[in-house]
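Trainee: Sequence:
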Amino acid sequence: MWGSTRRCFLTSVGILWLFFILKIPREIEDDQKMETSSSRKTPRPLEDWQTITFKYLEKIQRRKKTWLTVGISSASQWTPNGLLYTLVSLYQASSPEEEKHLTVLVHLADSDLLWLKETIAEISRLFSPQILAGQLLLIHAPSDVYPSVNGTQNEASREELYSKQNVDHAFLLSFATNLSTYFLLIEDNVFCSPNFVTQIHSQVATMKSSPWVILEFSDIGFLGKLFHSKDLPQLAHFLLLFHQEKPLDKLLLHFRTLMVQEKSIICRPFLFYYRVSHPTFDDNQKATLDRETDPFGPDNPPAAVFTDMTVSNVHFPWEAYTLDESYFWTHDVNVGDHLTVILNHPLNLRKVQVMTGSIMEGKYALKKGQVELGYDPEGMPQYCASFFVLGHLVEGQLSQEIVPKSMGHQVNCVRLVAKAKQDGGLMIRHIYLWEEKAKKEKLIRDGHTSLKV
Numbered sequence: 001m002w003g004s005t006r007r008c009f010l011t012s013v014g015i016l017w018l019f020f021i022l023k024i025p026r027e028i029e030d031d032q033k034m035e036t037s038s039s040r041k042t043p044r045p046l047e048d049w050q051t052i053t054f055k056y057l058e059k060i061q062r063r064k065k066t067w068l069t070v071g072i073s074s075a076s077q078w079t080p081n082g083l084l085y086t087l088v089s090l091y092q093a094s095s096p097e098e099e100k101h102l103t104v105l106v107h108l109a110d111s112d113l114l115w116l117k118e119t120i121a122e123i124s125r126l127f128s129p130q131i132l133a134g135q136l137l138l139i140h141a142p143s144d145v146y147p148s149v150n151g152t153q154n155e156a157s158r159e160e161l162y163s164k165q166n167v168d169h170a171f172l173l174s175f176a177t178n179l180s181t182y183f184l185l186i187e188d189n190v191f192c193s194p195n196f197v198t199q200i201h202s203q204v205a206t207m208k209s210s211p212w213v214i215l216e217f218s219d220i221g222f223l224g225k226l227f228h229s230k231d232l233p234q235l236a237h238f239l240l241l242f243h244q245e246k247p248l249d250k251l252l253l254h255f256r257t258l259m260v261q262e263k264s265i266i267c268r269p270f271l272f273y274y275r276v277s278h279p280t281f282d283d284n285q286k287a288t289l290d291r292e293t294d295p296f297g298p299d300n301p302p303a304a305v306f307t308d309m310t311v312s313n314v315h316f317p318w319e320a321y322t323l324d325e326s327y328f329w330t331h332d333v334n335v336g337d338h339l340t341v342i343l344n345h346p347l348n349l350r351k352v353q354v355m356t357g358s359i360m361e362g363k364y365a366l367k368k369g370q371v372e373l374g375y376d377p378e379g380m381p382q383y384c385a386s387f388f389v390l391g392h393l394v395e396g397q398l399s400q401e402i403v404p405k406s407m408g409h410q411v412n413c414v415r416l417v418a419k420a421k422q423d424g425g426l427m428i429r430h431i432y433l434w435e436e437k438a439k440k441e442k443l444i445r446d447g448h449t450s451l452k453v
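So that you can map any letter, position 197 of the sequence shown is 197 in this note's numbering, and since no number is skipped, the others follow by simple counting.
Quick list of the computed label-pair ranges, beta carbon to beta carbon:
1. Asp-219 - Glu-378: 40 to 46 Å
2. Asn-344 - Glu-262: 43 to 49 Å
3. Glu-97 - Pro-233: 29 to 35 Å
4. Pro-247 - Asn-334: 45 to 51 Å
5. Lys-363 - Leu-161: 31 to 37 Å
6. Gly-134 - Gln-203: 22 to 28 Å
7. Leu-161 - Gln-400: 35 to 41 Å
8. Asn-334 - Gly-134: 51 to 57 Å
9. Val-394 - Glu-159: 37 to 43 Å
Here are the simulated lysine-lysine pairs, DSS-like style, with alpha carbons at most 25 Å apart:
10. Lys-263 - Lys-246
11. Lys-230 - Lys-100
12. Lys-368 - Lys-419
13. Lys-263 - Lys-230
14. Lys-230 - Lys-164
15. Lys-351 - Lys-368
16. Lys-64 - Lys-230
17. Lys-250 - Lys-263
18. Lys-363 - Lys-421
19. Lys-419 - Lys-363
20. Lys-230 - Lys-208
21. Lys-64 - Lys-100
22. Lys-246 - Lys-164
23. Lys-65 - Lys-208
24. Lys-263 - Lys-208
25. Lys-367 - Lys-351
26. Lys-65 - Lys-230
27. Lys-64 - Lys-208
If you're looking for bench data, these hints aren't it; they were derived computationally from the structure.
Please read these numbers as outputs of a predicted model, since none were measured by experiment.
Ideal Cβ positions, reconstructed from N, Cα and C, are used throughout, including at glycine.
Using the sequences provided together with the hints, build the complete structure.
Mentor: In structure tokens:
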């Protein structure tokens, strides 16, 4: 079986080349016309996929090799719209200088033609500057080149799910081999920490004298795993050979051991994490929040963070405003104590989310508090002279939509205020801010997706 799988793998990777993507008019909205056009086309024979693949590879190999490739495999049934979340976060977390050293490779690992069409059209609309610069590449392997599992291809068993995921990533890794010096594997439903490219570069530099196979910038599954690109062909071969045996994260552990790295090398702070979950809510509240979820992650524009709560030398106020797993820890909070985010520039906000307490058990949440929006900045350093209440925390959390026009003015400050004395610890996990959607989409269309958070 391995021989036939390998031949398919080497000769039949189907590529949705970006020239095809860019032929899709940006203004196209009529799905019926698109479907009619697609229905006239006959499926490409397997030999054509080989020709397209080799032409694409030749073009890619002529491009300048970058320092880092970020690889993502995505399918419709995993995390709907998660890929768009991740790409927006990835480019927002990268400066223009960092983008010069970065390639993003996405494997659209799904045979659903409607999903493929819509995903390609949306990515090409939002990220055309990166596509034209050769910084964002899309590939697709047709379903008929996948090996069968226990003689079947259509059952939805757990074994088949992780088998497909392993093969999806084998295609991804093999294609990424010659794109860059290092390869970073992430998933399609995550936030990226600001300037993660620079932070990874710094970590690699510190490991220069120590051999390694995998550096881990997250301790969850296979998220945030860094490899030498020279090891990718062996890893792809390994995943294909044992695709039915174990889930991807378990196979990576075996591969690391076979490559003589016995222990995990965990790099802190973590740079990648899943989009916000709400584990302290019941199922009905989760469903409501899921329906209200935005198509993009939070922006957290540049700002300063101040507090009159007790500050230790371990966790700092600004850690509540970062887009990573860090948090601000304090204790013995008094009535009126606050943590305030003062934006560098006044903005129209469309959503504010504040989360306090631990993720798993909800411990150390702010028992009684409210979130306020401020304006009329004054003084040096600036502080808002006027505030009004946006909402009260429920179980230590608030997620509130805002209609900017209803406010009559832009927001300068966001303040979390304690409304009762609270003994013991308090964890302010994050304060997330979203800018007005129309403005954000315009920035993305204009090629400013590299705005630093």
